[in-house]
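*Asks:* Protein chains in written order, with my numbering: chain X, 1 to 452; chain S, 1 to 167.
To be clear, the hints were calculated from the coordinates, so they are not data collected in a lab.
Be a bit skeptical, because a hint or two may be false.
To be verified - For lysine to aspartate or glutamate, the following EDC-like pairs were computed, each having C-alpha atoms within a straight-line distance of at most 16 Å:
{"no.": "1", "chain 1": "S", "residue 1": "Lys27", "chain 2": "X", "residue 2": "Glu159"}
{"no.": "2", "chain 1": "X", "residue 1": "Lys184", "chain 2": "S", "residue 2": "Glu66"}
{"no.": "3", "chain 1": "S", "residue 1": "Lys142", "chain 2": "X", "residue 2": "Glu140"}
{"no.": "4", "chain 1": "X", "residue 1": "Lys394", "chain 2": "X", "residue 2": "Glu376"}
{"no.": "5", "chain 1": "X", "residue 1": "Lys144", "chain 2": "X", "residue 2": "Asp157"}
{"no.": "6", "chain 1": "X", "residue 1": "Lys4", "chain 2": "X", "residue 2": "Glu269"}
{"no.": "7", "chain 1": "X", "residue 1": "Lys184", "chain 2": "S", "residue 2": "Glu159"}
{"no.": "8", "chain 1": "S", "residue 1": "Lys27", "chain 2": "X", "residue 2": "Glu179"}
{"no.": "9", "chain 1": "S", "residue 1": "Lys25", "chain 2": "X", "residue 2": "Glu182"}
{"no.": "10", "chain 1": "X", "residue 1": "Lys184", "chain 2": "S", "residue 2": "Glu63"}
{"no.": "11", "chain 1": "X", "residue 1": "Lys249", "chain 2": "S", "residue 2": "Glu60"}
{"no.": "12", "chain 1": "S", "residue 1": "Lys25", "chain 2": "X", "residue 2": "Glu179"}
These numbers were taken from a predicted model, which means no experiment stands behind them.
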Amino acid sequence: MGRKLLLDKAHIEGIRYYDTYRSNGGYTAAEKALKTLGPDGVLDEVKKSGLRGRGGAGFPTGMKWSFIAKPEGVPRYLVCNADESEPGTFKDRYLMEHIPHLLIEGLLISSFALGANSCYIYIRGEYAWIPEILEQAIAEAKNKGWLGKNILGTGYDLEIYVQRGAGAYICGEETALIESLEGKRGNPRIKPPFPAVKGLWQCPTVVNNVETLAAVVPIINIGGDEYIKFGTGKSTGTKLISACGNINKPGVYEIEMNISVEEFIFSDEYCGGIKNNKRLKACIPGGSSVPVLPANLLLKTAKGETRMMTYESLADGGFATGSMLGSGGFIVMDEDQCIVRNTLTFARFYHHESCGQCSPCREGTGWMKKVLHNIEYGKGKMSDIDLLWDIQRKIEGNTICPLGDAAAWPVAAAIRHFRDEFEWHVLNPDESQKRNYGIAHYADPIPVPAGA
Amino acid sequence: MAVVQFSEEKLNKVKEIVARYPQGKQKSALIPVLHLAQEAFGGWLSAETMDYVASLLQLEPIEVYEVATFYSMFNLKPVGTYMFEVCQTGPCMVSGSDQIIEYIKSKLGIGVGETTPDGLFTLKTVECLGACGYAPMMQLGKHYREHLTPAKVDEIIAECRAKANAN
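From just these sequences and the hints, can you work out the full model?
*Replies:* Following this line, the structure appears as structure tokens:
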């Protein structure tokens, strides 16, 4: 069994409530942080831990925190990004539903380290039942003296509020989230200034993902030096992976970042293999925006090395032959799945979610959707495949926020690795309406290139 | 047309929400208050409702319209009592959401975006709701209905009809 740091107590009955959480070691990290470590001590531990943002970008959390501006007399804010919307990702929901106090404790420690006296949890609007769970946990914590005025007699004050969004993927982007929290449309801001300097209401603000902030609790409990003993290289600690698609055991798994992709998919401890004894065709390992990989490149890198569930290994080979760990939204596709149709659903998703500020994204996502729709429904031309490639290339890197890139990458990767399937759709307009292309050669190991 | 006016209880809730933000930043309350208004006034936001929210929060009406039109959860026209919001994004699609959507269409005799003549059901397709491991799924009111099958859809429809009859 892999070691766990976040979900180790998730199975305990009643862990959702304060008393059970507390009697199982809850809030000891908060006590240690406030009474012993102090803000700088907490920051040191988080830096030592090598914790990287768990929302998708993987930016070092300690570094992000150290950027926060501290002008005299200006409030600072911590905003918890619970706008989980990346297709394939449902890990933060699990954490908030089952162990809300872990998040509240993480928010307390992190706000204390940043010198923030107000903290907002921005949660996607569709998770409509979760705010009550969080607000109950906040009320319990406040009642026990972990929130409010003069916490533990240290003179430190903190209030935590829950804010619901209303259906907009873009609000997971931190500056769009801030705009939304200010009561506006979720249009990302041009950076700089970064939120660490001018964020919520133009005040210094840190925005972190739910899982990132929850991970601060075990880091303080065991110390940054112990935390790096979990995982591999720069992928320290554990990561929540939400696994879905054609597998026997979809769900949320906490993995230590030292297992192989093959083990994650096929072992009974995790996904339990492909459903209905089908063959593995492809996988999107880190949420819909990261490149899809065919089975052969998923299990081994182009160099023939075992692909591991780490930031580095999943990215090995760059976008030519690799992908990304991203948000940990792990989407598995079996031999019966159609790559064109799957890519179409993502193109439709990004078109729907584009905020419309930048022309390449607003127009380009719509064009990609239309072209993919034509190919999928037997009305495509061979030149459409090159047209798609051209559009995605013109979106990538030409927008204010990364939604443009996120829309471009899945299309690029699908064409890069599955071009024959697109061509088959174009050449067989009638047959492609009746059956799927199948698995072709993707399950076979690829030959090791000479000199690799 | 009924007068657009929150109950005392809802007005207190608005005050409580506004108090979460610094002085003068009551615009931040807009999205939470629009949620309250949509719940209170028939599941959608009419121009009158939006104007009312604007006056409550001392905003220009345009500030409310531009937000209400941006977010997909705000309905700008009337919807059925029970709205089936079925996810159709990749992970749900590979788990059979296309078939579920077709089944609901045939069962209710309506297309996507339509409401049954009795005003009970609206079918809407939505993009990823974060329930990919429990696909196919839909949102029904405040909660998710997951691991959908045709039989489960039948049960949900029957459950809604029974609830409507009881009211």
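*Asks:* Decide, hint by hint, whether the structure agrees.
*Replies:* Consistency of the hints with the structure:
no.: 1; hint: S:Lys27 / X:Glu159; result: 19 Å, violated
no.: 2; hint: X:Lys184 / S:Glu66; result: 8 Å, holds
no.: 3; hint: S:Lys142 / X:Glu140; result: 23 Å, violated
no.: 4; hint: X:Lys394 / X:Glu376; result: 22 Å, violated
no.: 5; hint: X:Lys144 / X:Asp157; result: 14 Å, holds
no.: 6; hint: X:Lys4 / X:Glu269; result: 13 Å, holds
no.: 7; hint: X:Lys184 / S:Glu159; result: 37 Å, violated
no.: 8; hint: S:Lys27 / X:Glu179; result: 11 Å, holds
no.: 9; hint: S:Lys25 / X:Glu182; result: 8 Å, holds
no.: 10; hint: X:Lys184 / S:Glu63; result: 8 Å, holds
no.: 11; hint: X:Lys249 / S:Glu60; result: 51 Å, violated
no.: 12; hint: S:Lys25 / X:Glu179; result: 12 Å, holds
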